[in-house]
Amino acid sequence: MQPQRRTIVTTAVNGTPVETLLDVRTTLADFLREEAGCTSVHLGCEHGVCGACTVLLDGLPVRSCLRLAVQAVGHEITTLEGVMQTERGKTIGRAFVEQFAMQCGFCTAGFALSLYHLLENAPEPITDQDIHETLGGHICRCTGYVSIVEAAKRLRDQRG
Amino acid sequence: MKPAPFEYIAPESVEQVVEVLVQYGDEAKILAGGQSLMPLLNMRLATPGIIVDINGLNELSYIRQEGEHLHIGALTRQYRLERDARIRQTVPVLAAATRLIGHPPIRYAGTIGGSLAHADPAAELPAAMCALGAELSVVGLSGARSIPAVDFFQGPLSTAVRPGELLTEVRIPIRKNVVWGVREYTRRAGDFALAGAIILAEMEEDRWVNGRVVLFGVEDRPLRVSHAEAVLTQRALSDDQADVVAASAVTGLDCHTDLHASAGYRKQLARVMVKRAYLDALAMWDGKRENAAGSA
Amino acid sequence: MNEFTAPSSTEGRRLFDLQAQYIADLTPLPNLAHAAVVRSPYAHARIRSIDSRAALALPGVMSVLTGREVQEWSRPFAVAAERPGRYYSCAIDKVRYVGEPVAVVVATNRYIAEDARDTIEVEYEPLPAVVDVEAAMQSSAPILHEELGTNVAIDRQLTYGDVAAVFSAADIVFSQRYVFPRYQSFPLETYGIIASWNPSAPQVSFWANFHGPYSMLAVLAGALRVPLSKLRVVTPPDVGGSFGNKIALYPYMALTALASRKAGRPVKWIEDRLESLSASSTGTDRVTELEVAARNDGQLLGLKMRLMDNVGAYIRAPEPGCLFRPIGNFMNAYKIEHLEVNALAVMTNVCPSGPNRGYACQQHYFPIERAIDELALRLGKDPATVRLRNLIQPQDIPYRTVTGGLYDSGDYPRATQRALELSNYWQLRQSTGAAGPSDASVWRGVGMAVAIDPSGSNMGYIDVSKKAAQRRPNLVRVGSAQTTRIYLDATGGITVELETAAHGQGQETTAASLVAQALGIASADVTVVAGMDTGSRPWSVSSGSYSSRFGAVGASSIVAAARQLQENLLQATAYFLECDASRLHVQAGRIVSLDDAQLGLSLKDVAARLHWSTGTLPSHLETATQVEGTFVASELDYPNELDQVNSSAVYAFTADVAVVEIDKETLDIRVTDYITVHDAGNILHPQIARGQFAGGLLHGLAGALYEELRYTETGDFLTGTLMDYLCPTVNEMPGNIVMDHIVLPTPQALTGAKGVGESTAQTAPIAIANAVADAVRHLGLEITELPLTPDKLWQQLGARLAGEPACT
Ligand SMILES: Cc1cc2nc3c(=O)[nH]c(=O)nc-3n(C[C@H](O)[C@H](O)[C@H](O)COP(=O)(O)OP(=O)(O)OC[C@H]3O[C@@H](n4cnc5c(N)ncnc54)[C@H](O)[C@@H]3O)c2cc1C
Ligand code: FES
Ligand code: FES
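Line by line, the protein sequences are chains G, Z and Y.
Under our numbering, think of the first position of the first sequence as -19, with each following residue one higher.
Under our numbering, think of the first position of the second sequence as 74, with each following residue one higher.
Under our numbering, think of the first position of the third sequence as 196, with each following residue one higher.
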């Protein structure tokens, strides 16, 4: 146990091992964007409010701007890049694209990951309130949320 | 908006944490869920010399019942407080208060210990600890000490944790036949409360005993209002009583003014939150009595 | 991604295909260095000295740019104002708002750049500051730009009709002061710029989330002292929103370019949220003194308006647009022929202002629409009745406003009636305010607002800021032009090249469907090239996506190009089949004879022949596979001596109704229902249009109830984080949202489409304010300022709340 300024971070991003030498202060978000090729991770505020940087850490949605990359050691990280390799991810993508649940798209990955988690894990039935709570952790400036809520409800109804 | 340089260490035991904290003194900062500390680091409002990451200490993540007490490890994530069956059964008010914190992604990362150690005056968990009469354990070089919740919070972002110590556990006495209410007002769902209130009491036949009235977001720390607690348990239980309890709870309250609420408005909110929490508790009481009557 | 069953978003597919490219994702050049900006902590101070030695000594740090080089290497930005002040991309000797750039550090990465930023020591001598627009006009106020001797950048008097006469003839005259707040566009993606200063041509290259108007590039080139042709600006295909905010990107483009010049390397700067809130751009806050003259029957006769715009520390183009952008529609949708305006732009120690979704319309309509409610109240009439009585009637259209606007199409009473119907307005009125049940826990209120939504800005309007004699003598007619190119490849493939620098409007989706429709092929068979590049695509000063101009102007240029291609295909087929082009038509991807359905060629065939047999073609077909469609909005003039100008290409209309509930104890304000009816002409894409309406509603809701950029009296900035600046989430949106429209196509655009992007952002703040006013009027409350917060209601209502003793 020694204090470090730089360290080798070994972790699994979307199922692929990544190993990088990093300044320990590097945030998980910057690591994912700059080192792991996950540019779907967007930075809208860097203080935890907007939700654009949301990723799944061991399956749970968390803000990647509020975490250090070194903390990812020993954990599984999934971004939109990973989720899109799954059937559920594709279903989410289809629902968003067909409902026009995005405009500029900057917020979209965050919403999609939180919804992915909800759809994967929530016990039946998923209520409107569950949907609002899930989407409520994300800011979208473009859509007024109407189409995002529609996409979410469609996904809920298709869940089966 | 990137953190200033620091060193990083991830101790493997509580002893090691203490060792590092003692060695680095003021320079060291514990990192738990990071949901309060990381924004401060990113904005460079906090520039510690060394970050002591305690997330590897699985031994601090637990919810255990021991006799009449519930023990919760400091590193237990907030979302577990919301969902854990024992908590929902034995201290449901804690689950309800936790649900009011931010948004799901915040609660997946944030810890109970982090929230308590951070001691935001508007935070739910410190208030819940005060209402539940919890004891907080801190460990330092000279071993562990236990601090009652009401003494733990000393001001905005200020607690009884001394340099070289960390918070390891909270112990909550389990009370039977409890009625409760927790209410807060926020501008947007998930924001820190402009004012909030927790009411808690034990039912004894036709009365309430051991009442607790705790306000948060109104002064510099969670506030137990004993004169309101007296009113809560001494007078008749009725809807009208809600206003009496509420008025009592805010008597002498010295609210602060900030961007979103002036002192006067905040006081009004506190009053209304007490009233609504009281009415929730009352409804719960009615429900329980009906149930009891039904099953008898 | 795989197949889609329904029409789907091209932009969205790219996103889920993981192919999106936002500015922060780009590394278009090798050796990119990263910038961090040193910013002023003071609202007003003299810069005594800057010491960068420690910064330069840090490993990884390349350079520090300060005001000294900025002054030497650049000029102040041009702006249409009488007394503009000298605005550079960086403070020179004085800072004038919290957040103003003071220096730029360039280093190997952002972390190190910020480390270096924090070591730079700037010695300031604080000066008294002023942030209030009226205070700044006092002679005793601190002066921001000493050389001007005043903070008033513009003071224009405009008079239309015979105002004195109608005021003296009026049955009722009243006046009121209204305050419109300062809030932001708040795109989720902040500013991002990569700039490379080259010793050789092009002299400065940019990659930036810039989206026009491209006239700003002329301002930028002027400031950088390079010919416009030596700038190249690339906008990536994906831009994370703007709503006006990124129109004011150019000062930072200048700053990043100069930082690159200093560093001798390409430099990338991504603004962070704190910078964006404090120092990017914001909607203009305004105090209006309004005087209304009317008849007892509710007929409006005339208005006098004193507009006091707080443009911040520097008046910056496209300001003073907030004063003059809506000039053609100054009277909203009402038949009022007499108007007097005193337009003032005042500089104070806060962040410079700029466009914010609905540029100026919400500021302008807020007092008018509030006053109409007030008038109705005074006359004992319903606000809806008074509005309906004064609306311009369909038979009056096309209607020339007294300020020069040409309302091209519309049926305002019909749209308004529709909104009243859908909202059940008349019935609701029976139970709002004092009429609500006394045992209810809330006060309910219903309010409405109507708005002319101007789109396709006629940039000539800006010269109304000058007196007629000082205008540019050789400008006669200004225009609003847009070009689109379409290519037909050798296999019949169609590629549309967008020149509009879209940023979330779904233009690729719409472009593909417009072209597909024209050629009778599937949208999926049309490839759209997104983004923008001034180095390779055609553009003019009015290019870009702003002032909701895509539907009317941008899309019309696509239609023009598609029609040209269609014509070329007919001509080519006529040549190949040796028949008459006028007897051919395009159908389902084939060019066929009207007389003999068997006779025809497929698109693919024609394309192949055009490409492979170029040498044999007649000259008019040699370039038939490449077409360029240009659309120039007609009827756009230059301000005349009477200060009249048709400031927009087309004018849409919106009528909205909001229903609110106010908790009697917490004073929490909820918008429960929101009904918005649009007359936006032809709807090019229903889902995209709906998204724009809903987004506009969110934006307006934010301004009505949640968002405000706040400063202390001495100019300290209070809303620097998203914990303080409250962008609404899904949970704050109205539970019941009804979006409807009527269709009256505009003759001014090939598409028949009017704007959809800004309208609800203009009406929502006002409809909500009117609804709140309705809910609390019986308590003696007057609503004259936004945002409406529970705390503000408390300030007025507190003592009377539910019989409670007043808390201090
Ligand atoms: C968008 C957003 C919304 C939020 N909304 C709310 C809300 O509504 N209500 C609310 O209460 N909170 C809210 N929070 C804060 C959240 O609850 C945090 O999780 C919590 O305040 C801190 O817990 P943490 O585990 O994340 O601690 P960290 O951020 O890691 O640490 C916080 C502080 O506590 C110290 N610390 C942590 N653990 C220990 C320990 N075991 N012993 C001693 N010191 C320790 C750290 O050194 C640091 O000073 C919000 C946060 C965000 C980003
Ligand atoms: S960037 Fe992480 S929450 Fe906004
Ligand atoms: S689509 Fe632009 S922020 Fe959500």
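Hints are computed from structural coordinates only; laboratory data are not their basis.
Glycine included, every Cβ here is placed at the ideal spot set by N, Cα and C.
Any given hint could turn out to be false.
[Claimed, not checked] Label pairs and their calculated CB-CB ranges:
| hint | chain 1 | residue 1 | chain 2 | residue 2 | range |
| --- | --- | --- | --- | --- | --- |
| 1 | Y | L224 | G | E67 | 31 to 41 Å |
| 2 | Y | Q214 | Z | Q96 | 43 to 53 Å |
| 3 | Y | L583 | G | Q65 | 21 to 31 Å |
| 4 | Y | G356 | Z | T330 | 39 to 49 Å |
These are the hints, each one checked on the structure:
{"no.": "1", "hint": "Y:L224 - G:E67: 31 to 41 Å", "verdict": "holds (39 Å)"}
{"no.": "2", "hint": "Y:Q214 - Z:Q96: 43 to 53 Å", "verdict": "holds (50 Å)"}
{"no.": "3", "hint": "Y:L583 - G:Q65: 21 to 31 Å", "verdict": "violated (57 Å)"}
{"no.": "4", "hint": "Y:G356 - Z:T330: 39 to 49 Å", "verdict": "holds (48 Å)"}
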